[in-house]
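Work out the full structure: start from the sequences and follow the hints.
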Amino acid sequence: MIKAATMARVLVIDDEPSMRFTLDAVLGDVGYNVDCAGGGASGIAAFEARGADVVLTDLAMPDVDGMKVLATLRAHDPSVPVIMLTAHGSERVAVAAMKAGAFDYVPKPFDPDEIVLSVTRAIDQRNLKLENARLRTEAAIGRPIVAESPAVRRVLDLVVRVAPKDVTVLLTGESGVGKDVLAATLHAHSRRADKPFVRFNAAAIPSELAESELFGHTKGAFTGAHQARTGYFQQASKGTLFVDEIAELPMPIQAKVLRALQSGEVQPVGGRPEHVDVRLVAATNRDLAAEAKAGRFREDLYYRLNVVPIRVPPLRERPEDIPPLAHAFVRTYANRYGMGQVTLDPALVGALTEYSWPGNVRELENTIARLLALTSENHLSLALWRSLDQTPPSESRRHGGDPGPSAPLRARVEAFERSILVAEFDRAQRNQSETARRLGISRPALIEKLHKYGVLERG
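According to the working numbering, the stretch in the sequence shown is residues 562 to 1020, in order.
The reader is advised that the hints may include incorrect statements.
Claimed, not checked - Quick list of in silico lysine to aspartate or glutamate cross-link-like pairs, DMTMM-like style, CA-CA up to 20 Å: (1) K854 - D987; (2) K817 - E772; (3) K817 - E774; (4) K690 - E709.
These are computed hints drawn from the structure, not numbers from a lab.
Bear in mind the structure is a predicted one, so any value in this text is a computation, not a measurement.
Next up, the structure:
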């Protein structure tokens, strides 16, 4: 019997319970994660809710037949392989399904090895395409891409598919999940890959300077404008402009961004309108739909940005990515620090995997970099991580509470400060100015603390 190379998800759609039972047993025995649906409509719903690496669907079903399932799934995700299960005598329809985009067809009754072989081939082909995309991206952006979990594999697959199409993309997700990496990936796989990729972090620029930074200004346009400045939109012409933390843009600037997207024109401060050809990729850690409903974000700009929304899951939803990410960061920083080969204690890898990582991938990266900077050996241990002031991996620390009575005073004070900051930041719906006002500190001081504790990623 052929063995599955990876723990992939297979969706089986068939209206016959005995057939679902058989396929579940056959594919489950070789290591696949099998999800079953009893009809075309429920199968489509299951795919939209949970996704799949490959789909097996019966051709003849009473509610929604296999051809309709094929068309719907390919419209939803053209990259997912669909294998048709056909009855004897329906080979002509099966050939039509292949022409419509099916990966393969298997006639009933089938040999178990034949089903497993077809599924394995489909997954191998998809994995090869994804691996090629990952390697191309790593070469283009100069940093490792980890996509072990099904959630991230689906995100990367979607990014690679929409990249060649010149559409606006909105990346959403918590701070530190890697939205900047995906923005670079979109650019690397686009038709603009040989043109500029320009980053603008709206949270890092004072609101009064945002217009000049984005659209530029002429000499003498305002006090202190001793020379003309080219804005980020003009710098990104023919290429891609990545606007991070876009929810932090003031309302008047949002209107100008909307105009740039609609007309392709920007107006420097004190100057005349200029034409720009820019693909915009935006990112935010806030719910823009809720922000628009509350009047804190322009609704028309939200709809203009939300052409292709891509949610990037937090690290706690994809713990299987933590070990390979940790090893990748060890290689990167060990090479940067001139340390040679560095190994990780399996106990440390286990503790890293169990930790909830409120700062997501950025916090993990910073932790590995700090461990490598502090170690005197070519080996990272759990004891070293526990010795750090800020990161004892106890259960209470995982959930943002006191790290425990045995922890150093500094760790306990900082854990308490972090919990207050996070609570107020959430109550203020992640509005930095409002959070700073509530805490009685300056906005720059707040931002620095949020960076320190991994709540915000640095621009």
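Consistency of the hints with the structure:
1. K854 - D987: holds, 18 Å
2. K817 - E772: Holds, at about 8 Å.
3. K817 - E774: holds, 12 Å
4. K690 - E709: holds, 14 Å
Against the hints set out earlier in the document, no violation occurs for any number.
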